[in-house]
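As you go down the protein sequences, you meet chains A and X in turn. Per the working numbering: the first sequence = residues 1 to 981. Per the working numbering: the second sequence = residues 982 to 1305.
If you are wondering where the hints come from, they were derived from the structure by calculation, not from laboratory data. Please note that the accuracy of each hint is not assured.
Over the 12 angstroms line for every Cβ pair with chain A, so calculated as not near, a few chain X residues [claimed, not checked]: (1) Ala1073; (2) Pro1194; (3) Val1275.
On the chain A side, residues computed to face chain X include the following (Cβ under 10 angstroms) [as the list claims (entries may be wrong)]: (4) Asp21; (5) Ala496; (6) Trp911; (7) Glu972.
Treat the numbers as computed from the prediction; the structure is a model and nothing was measured. C-beta atoms are modelled at their ideal positions from N, C-alpha and C, and glycine is treated no differently.
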Amino acid sequence: MTTTVPIEITLNGVTRSFEVDVHRTLYELLRSEGLFSVRFGSDTGETGAAALLLDGRLVSAEVILAVQADGHRIDTVEGLSSRVEAGELTPEVAGLDVIQTAFVATGAIQSGYSTPAMILAAKELLGVNPDPTEAEVRDALSGILDRESGYVKPVEAVLRAAALLRGESREPFRPEVIAPLTEGGSDPGTGPATSASAAVPRIVLSSDVPPTAVVGKPELKVDAIKLAKGNGAFVDDIEMRGMLHAKVLRSPHAHARIVSIDDSAARALPGVHAVIHHENIARVRYASGGQSWPNPAPLDQVSFDNKVRHVGDRVAAVAAETPEIAAAALSLIDVTYEVLPAVFDENEALAPDAPVVHDEPDLDDAFAPSRNISHHIEAQVGDVEEGFAAADRVFEQTFRVHQVQQCPIEPHIAIAWWDEDERMVIRTSTQVPFHVRRMVAPLLDLPVKRIRVVKPRIGGGFGAKQEMLIEDIVGHLVIATGRPVKLELTREEEFASSRTRHPQTITYRTGVNSDGTLTAQEMRVVANTGAFGTHGLTVQTVTGMRGLSSYKAGAKRFDCDVVYTNIPVPGAYRGYGAPQALFALESHMEDIAREMGWDPIEFKRQNWTVEGDVLDIAPQLGEGAAEVGPLPIVTSCGLEECVAQGMRAIGWERREDPAWREPSDRPNIRRGIGFAMCMHGTAIPGLDMGAASIKINDDGSFNVLVGAADLGTGADTVLAQMAAEVLGVPLSDIVIYSGDTDMTPFDVGAYASSTTYISGMAVKKAAEKVWWKIKQRAARMLDIDMACTIELRDRRAWAPDGRSVSLAEVALNSLHTTDQEQIMDTASYVSTESPPPYAGQFVEVEVDVDTGQVTVVKMVMAVDCGVAINPVTASGQIEGGMVQALGYGHCEEMAYDDEGRMVNAAFGPYWIYRADEMPELEVYLVQTMEDSGPFGAKAVAEIPKDGVAPALRSAILNATGTAIDAIPFTPERVWSALQEG
Amino acid sequence: MTLRLPLFEYRTPTSLAEAVAILSDSDGGAVIAGGGTDLFPKMKRRQTTPTTVVSLSAIPELSGIEIDSEGNCRLGASTPVAAVAASELVPAVVAAAAAEIASPQIRNTATLGGNLCLDTRCNYIDMPELWREASGHCLKDGGDTCWVAPRGDRCWAISSTDLAPVVIALNGTLRLVGPRGERETPAEALYRNDGIDYHDRSDDEILTQVMLPPFGGRATYRKLRRRGSIDFPLVGVAAAAHLDDRGTVGSIRLVVGAVASAPLRATAAEEFLVGRQLTDEVIEEAARLASHHVRPQDNTDTGSRYRKWMTPVFVTRALQDLRA
Ligand SMILES: Cc1cc2nc3c(=O)[nH]c(=O)nc-3n(C[C@H](O)[C@H](O)[C@H](O)COP(=O)(O)OP(=O)(O)OC[C@H]3O[C@@H](n4cnc5c(N)ncnc54)[C@H](O)[C@@H]3O)c2cc1C
Ligand code: FES
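Can you make the complete structure from the sequences, with help from the hints?
Written out as structure tokens, the structure is:
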């Protein structure tokens, strides 16, 4: 049969001939031609990441054969822009077309992984419709899943590009300053605060914040240009000669012993270079969570075990010359399983006769493995039983939260090879390059110094990549074959074999006095940590911390069992235990208020933790062991202003209007508005450390080297902004490089909302040291005694008398002429504090009482993140986070059959929000000055995950009178609850 | 990582006769590809591994939409779903239903013929190969049990095409070409309520054209899905009726999709409705009649109970649309 055919394609304007295998998709052809903007998202095209224009129409390269393109025109993002070959490269002079420029200008690019697809969708739309409505733009983008931006800014970018292409002008994209409503501000009016587009963040300024030049400004992202162009910036965007393709054999059983494994047929297959499994890989115990040394126990994983504990668990891996051969080799590995009874529910796993998930004899650091308990956590302040006895009323309520997946559009991917020094280089999509290096070393039997981990741009992580998840496998295969090896997970593996959010059963007991004070609050949690205990301890301590710190109570108690089961493994997911806690806590508090006949916000306000309050349970719920340290005190809190802004923006008063709640013209519709308060942490105190090095170049520009791992959040940009602020240069004079264990100083990585606060402080300190060295040299050059009187601004060092030297002159002087030295310094930072950001989350819904379908109409979030170093990227974090949180509360759910096999391991049956079904989003940034943070900053990354689910429940309750104690609020669940009344 | 397609031969016949010849010579090893948006993912998951894929894209007469001299709307099977959605020649209800299918990228590639011939779907058959093997292959997968209803002897996979209920409601006719020549069949007669043998069509027969007779009445399509878009229907109700000036139903065709292995005509409800006005009470009774024999199985991740209860709700909404 003929399997190879000649085809001719006009590719970005150039006619090209190819010989293609007929079973190759266009995706495979274009990537092998170096058109890296066409990216993998899924096999069926639902993510839209592999978009291209075929004769001007947007299609997915995943589901089109290369031969089908014969005779057609194909355009990709690479064809839209040009390289700037001389002079400065700035957003203004970047060789971008109008649509690309608009994406850069509006902050529409986060990780940039799906940006090329969106730009092409816009190109198709604007080609036929120069003046689209917002709905038309959303429809055009609806086939491209974005896990990052909430679509707010991409939609704005397309509308802006359309206007510019029509010849209209547009104001620069800037935040809108809003007057405060509390503390001397005006009365909380009811009208909208501004008529600006909802994509623009609203800022409430604080007079405590000193003026700045670069920090606090909506600077364009430093990596936006390359991402808009679709330049090869991700792990997969390199070509390695002789690279092998890895695939992993996954367990089809939820719980089984591997009786025998016969790999002879697989090894014999031509093109197969290695087959690894528990019989030929050393048994070294580890915990995969990317956390500081020493990793929290239990060390309950090994690279390959003789037992499998969930569907999707590792059995073996192969490296072969092509992915096809690798797949064929997997099917030739003959594994005999002894299938064991499995347990999936955390409460059933505690039963005396439950199957034991971890019965291996070498596991000695789990709490009670024979009872499936990996950790047991207790914390107590005061005596809760006394508190309950003294209370006027005691309320007890149980909630259940489910399992969801992070769903980065770029799945886990790593490419590893031996370099010329016979050191192992691992280029991987990770949030924790330094932890990966340290953790993978013993598994590979290599010293840390023989490993280099490089994190290029990564296409989203959200915690799933705070793991050493696949790097050991590629490392083992490189050792076994001597060749470069690539492993990229399939979408199914990303669901079933990566990491997820911990399901929990949460029971609250709260003692309340008739004056509204809380005498005691107790939280009992049974958490499902699946097959392994990775992050099992620390996610749950965050649950306890957030669940018992948000309100003041006379006494508090946390009791938690973290339980092994046979579900795919939970781990870190943005929010890290807090979304679970806050769903239960906020719902419980609202129900108490209703029961007592109190206004829910008033009741919460009476008890919530604000500035000056002590976080009394915090020292017992730190990472690792229960260390008792000094009691932290809240030093900044903008919650009141957040609530006031949010109430106005959502139109809170409509909540009490029966005519609004039951619109007479739509008999099956009920409307409602809900609220939740959120309080989070900023970094892990006493543990999270970040470092930065800064050096000056001949032209007065600076290299900033940071260990921090930008995963699309804009970390590189805000860190560069801080350096620029201190050094008195524009952002374009900072060249930032991050996340490479050979080239940058250490950083724990991107998690625990720590980068801006911890790594930011390290950058600030390093910049201040460099600043001082520059001032000393400038003083000498200007012949001034007191270096401290020199000021740095506008790329120059200024003497008090008005004379100045340029930083380029300082650099040339120091590098070439006088008393030569490299002006350079390094600083580290670790914080003893974890100042809480606060937020008010508001949600408006329509519930169809005939079907149970909930339509979320609008979400408003007003956040106090201290000083937002970049208001545009901060608002992008909030928008994207809120939408992930909406998925958690509303529609996302990992569903299984009775054998523990996931039945919806694909987008489509696993629902993530698309551009055309989004509620309206509005973001307020309420400034406070957090003195412990760099330039007043607190964290913003995780708090948007916390409030949506409880606010959604509150809105459904307002609309229908029905309170539901489990998420997600699928039509089926809501409908069933409505039937029960 | 993208799953790779298995090896196959790819043919792009330029005439129907050639296409039919390839299909009938292949002994069942060849499959037809429209846009491939359903076929290629299934091949990637090794649910089907044809020796030959026969693309219809180079057969010019299969593409396009026109109104013939008798006022029939004729749609070529290779017409992209996006073109159907954008067409002003097709009845509005057809365009609207087409616009609700999948996503823009998929609609640009997917074809009308592929949609009408869409394979039936089920949680089990859509799992990765290894998991299917570990469960024991199900009936549709060459095994001997349907995991949805293990005691029965049939496959309950669901018909999920959005356009078939609409085409049936509009009394469409399909033209098929095979080795024994050409035949026309009412759209309704193509579908069988069997997850495996879901078509009354041999493997070497090609759907070439859809013909919709002129329609002056009112029609609607109501689709329940878990959320706004991209989703396959959980329940889809198509209705097309002629009402007189006083709102009395002269004739009606009512079709329920996505609750069985074929779109189901609700004939009892249709008979009840003829001669009646669409009052709330009449609609309620019709919804009951249309739903009482509907028994969705537990083969999506949404419970069957919910889908059963939603059927009358969506029939009601469709009938209310006709009244409006
Ligand atoms: C993410 C996603 C979402 C989807 N959502 C929906 C949805 O909401 N509603 C919906 O209805 N569908 C949906 N689909 C399914 C599918 O994409 C569409 O039904 C599409 O219209 C199929 O057309 P196609 O041309 O791509 O079919 P193909 O994949 O080419 O073919 C489908 C089947 O029909 C056969 N076939 C194709 N053309 C002919 C012909 N002319 N004669 C005989 N047999 C033929 C093929 O052999 C194959 O078995 C979705 C698919 C995906 C991947
Ligand atoms: S899909 Fe497997 S028997 Fe029906």
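Practice task
For the hint on A/Glu972, just tell me whether its beta-carbon gets within less than 10 angstroms of chain X.
Solution key: With a minimum Cβ separation of about 4 angstroms from chain X (threshold 10 angstroms), the hint on A/Glu972 holds.
Practice task
Run the C-beta distances from X/Pro1194 to all of chain A and say if the shortest one exceeds 12 angstroms.
Solution key: holds, 31 angstroms
Exercise for the section: Against chain X, run the beta carbon of A/Trp911 and see if the smallest gap drops under 10 angstroms. Expected result: holds, 5 angstroms
Practice task
Have a go at the A/Asp21 hint: is there a Cβ in chain X nearer than 10 angstroms to its own Cβ?
Solution key: Result: holds, 8 angstroms to nearest chain X Cβ.
Problem - Hint status (Cβ of A/Ala496 to nearest Cβ of chain X, threshold 10 angstroms) - result: holds, 9 angstroms
Practice task
Decide, holds or violated, for the assertion that all CB atoms of chain A are farther than 12 angstroms from the CB of X/Val1275.
Solution key: It holds; X/Val1275 is separated from chain A by about 16 angstroms at its closest Cβ, greater than 12 angstroms.
Handout entry: 12 angstroms Cβ clearance of X/Ala1073 from chain A
Key = holds, 18 angstroms
The structure is consistent with each of the numbered hints, conforming to all of them.
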